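If you read the protein sequences in the order shown, they are chains E and S. For reference, each letter of the first sequence is one residue, going 1 to 425 in UniProt numbering. For reference, each letter of the second sequence is one residue, going 1 to 425 in UniProt numbering.
Simulated from the structure, these hints should not be mistaken for laboratory data. Quick caveat: nothing in here was measured; it's all calculated off a predicted structure. Hints may contain errors.
Which copy is meant is left open, so a pair is good if it fits within one copy or across any two.
Calculated lysine-lysine pairs in the DSSO-like style (CA-CA distance at most 27 Å, straight line) [claimed, not checked]:
| hint | residue 1 | residue 2 |
| --- | --- | --- |
| 1 | Lys111 | Lys36 |
| 2 | Lys287 | Lys32 |
| 3 | Lys22 | Lys343 |
| 4 | Lys198 | Lys114 |
| 5 | Lys198 | Lys218 |
Protein chains: 2
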Amino acid sequence: MNNDLKEYVTSKTRAAKQASRKCSILSAEEKKQALKRMGEAIWDQRRQIFQANKADLENALNNGLSSAKQDRLLITDRRLEDMIQGLNSLAEYNDPVGEVISSFQRPNGLKIEKVRVPFGVIAIIYESRPNVTADAAGLAIKAGNAVVLRGGKEAIHSNQALVRAMTDGLAKTAIPVEAIQFIERTERDSIDILIREKNTVDLVIPRGGAGLIRRVVKQAHVPVIETGVGNCHIYVHASADLDMARSVVVNAKTQRPSVCNAIETLLVDQEIADEYLPRLGKDLVAKGVQVRGCEQTCRILQDQGSLEIEPASEEDYATEFLDLILAVKVVKGLEEAVNHIRKYGTLHSEAIIAEDASAADAFLNRVDAAAVYHNASTRFTDGAEFGFGAEMGISTQKMHARGPMGLRELTSYKYVIRGNGQVRE
Amino acid sequence: MNNDLKEYVTSKTRAAKQASRKCSILSAEEKKQALKRMGEAIWDQRRQIFQANKADLENALNNGLSSAKQDRLLITDRRLEDMIQGLNSLAEYNDPVGEVISSFQRPNGLKIEKVRVPFGVIAIIYESRPNVTADAAGLAIKAGNAVVLRGGKEAIHSNQALVRAMTDGLAKTAIPVEAIQFIERTERDSIDILIREKNTVDLVIPRGGAGLIRRVVKQAHVPVIETGVGNCHIYVHASADLDMARSVVVNAKTQRPSVCNAIETLLVDQEIADEYLPRLGKDLVAKGVQVRGCEQTCRILQDQGSLEIEPASEEDYATEFLDLILAVKVVKGLEEAVNHIRKYGTLHSEAIIAEDASAADAFLNRVDAAAVYHNASTRFTDGAEFGFGAEMGISTQKMHARGPMGLRELTSYKYVIRGNGQVRE
Numbered sequence: 001m002n003n004d005l006k007e008y009v010t011s012k013t014r015a016a017k018q019a020s021r022k023c024s025i026l027s028a029e030e031k032k033q034a035l036k037r038m039g040e041a042i043w044d045q046r047r048q049i050f051q052a053n054k055a056d057l058e059n060a061l062n063n064g065l066s067s068a069k070q071d072r073l074l075i076t077d078r079r080l081e082d083m084i085q086g087l088n089s090l091a092e093y094n095d096p097v098g099e100v101i102s103s104f105q106r107p108n109g110l111k112i113e114k115v116r117v118p119f120g121v122i123a124i125i126y127e128s129r130p131n132v133t134a135d136a137a138g139l140a141i142k143a144g145n146a147v148v149l150r151g152g153k154e155a156i157h158s159n160q161a162l163v164r165a166m167t168d169g170l171a172k173t174a175i176p177v178e179a180i181q182f183i184e185r186t187e188r189d190s191i192d193i194l195i196r197e198k199n200t201v202d203l204v205i206p207r208g209g210a211g212l213i214r215r216v217v218k219q220a221h222v223p224v225i226e227t228g229v230g231n232c233h234i235y236v237h238a239s240a241d242l243d244m245a246r247s248v249v250v251n252a253k254t255q256r257p258s259v260c261n262a263i264e265t266l267l268v269d270q271e272i273a274d275e276y277l278p279r280l281g282k283d284l285v286a287k288g289v290q291v292r293g294c295e296q297t298c299r300i301l302q303d304q305g306s307l308e309i310e311p312a313s314e315e316d317y318a319t320e321f322l323d324l325i326l327a328v329k330v331v332k333g334l335e336e337a338v339n340h341i342r343k344y345g346t347l348h349s350e351a352i353i354a355e356d357a358s359a360a361d362a363f364l365n366r367v368d369a370a371a372v373y374h375n376a377s378t379r380f381t382d383g384a385e386f387g388f389g390a391e392m393g394i395s396t397q398k399m400h401a402r403g404p405m406g407l408r409e410l411t412s413y414k415y416v417i418r419g420n421g422q423v424r425e
Numbered sequence: 001m002n003n004d005l006k007e008y009v010t011s012k013t014r015a016a017k018q019a020s021r022k023c024s025i026l027s028a029e030e031k032k033q034a035l036k037r038m039g040e041a042i043w044d045q046r047r048q049i050f051q052a053n054k055a056d057l058e059n060a061l062n063n064g065l066s067s068a069k070q071d072r073l074l075i076t077d078r079r080l081e082d083m084i085q086g087l088n089s090l091a092e093y094n095d096p097v098g099e100v101i102s103s104f105q106r107p108n109g110l111k112i113e114k115v116r117v118p119f120g121v122i123a124i125i126y127e128s129r130p131n132v133t134a135d136a137a138g139l140a141i142k143a144g145n146a147v148v149l150r151g152g153k154e155a156i157h158s159n160q161a162l163v164r165a166m167t168d169g170l171a172k173t174a175i176p177v178e179a180i181q182f183i184e185r186t187e188r189d190s191i192d193i194l195i196r197e198k199n200t201v202d203l204v205i206p207r208g209g210a211g212l213i214r215r216v217v218k219q220a221h222v223p224v225i226e227t228g229v230g231n232c233h234i235y236v237h238a239s240a241d242l243d244m245a246r247s248v249v250v251n252a253k254t255q256r257p258s259v260c261n262a263i264e265t266l267l268v269d270q271e272i273a274d275e276y277l278p279r280l281g282k283d284l285v286a287k288g289v290q291v292r293g294c295e296q297t298c299r300i301l302q303d304q305g306s307l308e309i310e311p312a313s314e315e316d317y318a319t320e321f322l323d324l325i326l327a328v329k330v331v332k333g334l335e336e337a338v339n340h341i342r343k344y345g346t347l348h349s350e351a352i353i354a355e356d357a358s359a360a361d362a363f364l365n366r367v368d369a370a371a372v373y374h375n376a377s378t379r380f381t382d383g384a385e386f387g388f389g390a391e392m393g394i395s396t397q398k399m400h401a402r403g404p405m406g407l408r409e410l411t412s413y414k415y416v417i418r419g420n421g422q423v424r425e
């Protein structure tokens, strides 16, 4: 491992650790003011930020990045305002730190309080969206943490400009500027070093593609929260209201196909497949959705003139298309639907459309996912839609946090115990 | 990696995963009955268990294991009864699964419930105490999980006999016998395979020495909860009631020195060191405690006739002695005490003895540990002492669970969302 790079990364994490001690004891008002100053500084330095963003976009063009990736990089006026708006609304949220989660007294007189505290230092590893720089820093700081940001190299100039603005903003507040650390060296190794810094980093959250997340999970010594990969399903039960099943499936697939809470596979009960699929087929044609169907699906939909359809492979069922492609499988019933989801699901969001309440309950009970839905689109798995405000991502693991992660999920707790000389017998 | 061993371990974890699905939807009564049957079967098969334990003890003797390790292996009548009693009291605890942690309705009509659910499959990696086999299986099953046990090779026969009894007990219940899996192959590699089984294992908890825990944290792909290492401190503030400070320090050091919540270093405010240390010295002599002192401590205690004392090294401050040895350092005040704990502490249990409430609050606020105490012994960091009943260990990390881990800490949650056709705009 590159010693110079290691020294560089650990100097950042050590500074963050030092700052985190101050952050952990700040008042709610001090944090609120800091978030506002961060937003104001982004506004004040918008010219520099747009200029830096232009440099990133030029590099992207020169390096032949896809237009989708270029779009992710782009900071528009609207996106800049959204970042500032995000920081301002965070400022107004209740401070999660110091909340007494529970308290009790023991027979020996010890008073025990379980108190919410910050994690300490949170590292965020992300790819090309520069807005993550502002969102992640804001969330981490509001929850009393210091943050170490390791963004993708494509957005390096934009991220630098945003971090400069935010730390300039902090300089006028009680929060040390060292509370926001940015890893400017974007060699891949800097990730591996960062995620092994157990002494100075308390939590790492990778945000990005499946490859990045897999790599971090495997290499990290620091505790990780896995986010984002969503191979989500809707199961249309025999008792479903078929009109509702049409509108929900169309919404979950097409309203924004590139996101993790969109569905990738539709499971249709055989009892209603002949009636439902041809009707849905019309909607899919209208929305330009391609189908990868099981044998029965292909048979039922063969006469659906303009529908693009091909046979589904095993791999299709395992794929997060993130595109206007839908795998469709006819299943014998709830049991087969649940088993299919167990086999291919990623513990993200799963839905059943059914009028039969006991079938719905069985599904909600038996399917293991962060969010399980009855008669609603999977697209609601989102911090804002849940009413949590901003989110740091959507956890797909079962430890610590599940589903949308807001401020509370960026905290830990400790037990505060007060006595008058108690000793153990 | 050994393919045959990998196949062996994954056959166990796959079976556990399969069983966990059934376990997750069992009723409270079914789990209660299962725990009772497990305890009864241990009683019924006590002869085979004692015989197996004898075989382990003979091997221990032949292999020259220390008497401390032999003692850890030993299953006495009392210890067997404690295991059964542990299972019986777990049976009576409230079922944590299904608890609605919070619920809310969104403006669009969606009803969101945050519901406590089992983790799924929990792997426990432990060393030589056979009672962990019964305690861990009981806790995991009560919380609706399946469990994969990987005990130390010294206790292999005892563990096999205990597992046989418990699974025989399960055979008469609604819980599949596959809910308790035991890894009989004790090659080291079986640990490495187990902790990478991300598809079938949801959580791994290592219980044992610092070496085992470090290894698991570094190698695991499955989420880990770190447990146990406790380099704990007491800081005696200038305002302390010195009699209280004596009894609490003596208790925290000597009541059971081999456990993680015993203290290893005493920090004494310089204002009271001349008065306090000689008095404490007498207690330490009486209890046979050796001192590793800072310069000032050595000077103050030099006339304390029979006290064994030697200069403290840097390493002493970093050592979890787990023995009748106490490092002692005179500090300038709270700031130095807090900094010393930051440098050497392991986020376990830390205490201040003080009559000055604002000093106590500053300490409780600023020290980052699972449990922070004012005027009480650190020895109370324990599931039973906190009133949680049995515990799966004491977490020293900040993610998911901190401090004593009881039933609740062996669960996750999911969001259950009910609608009437809602789609996202």
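Of the numbered hints stated earlier in the document, which are not met by this structure? Violated hints (numbers, rising): 1, 2; every other hint is consistent with the structure.
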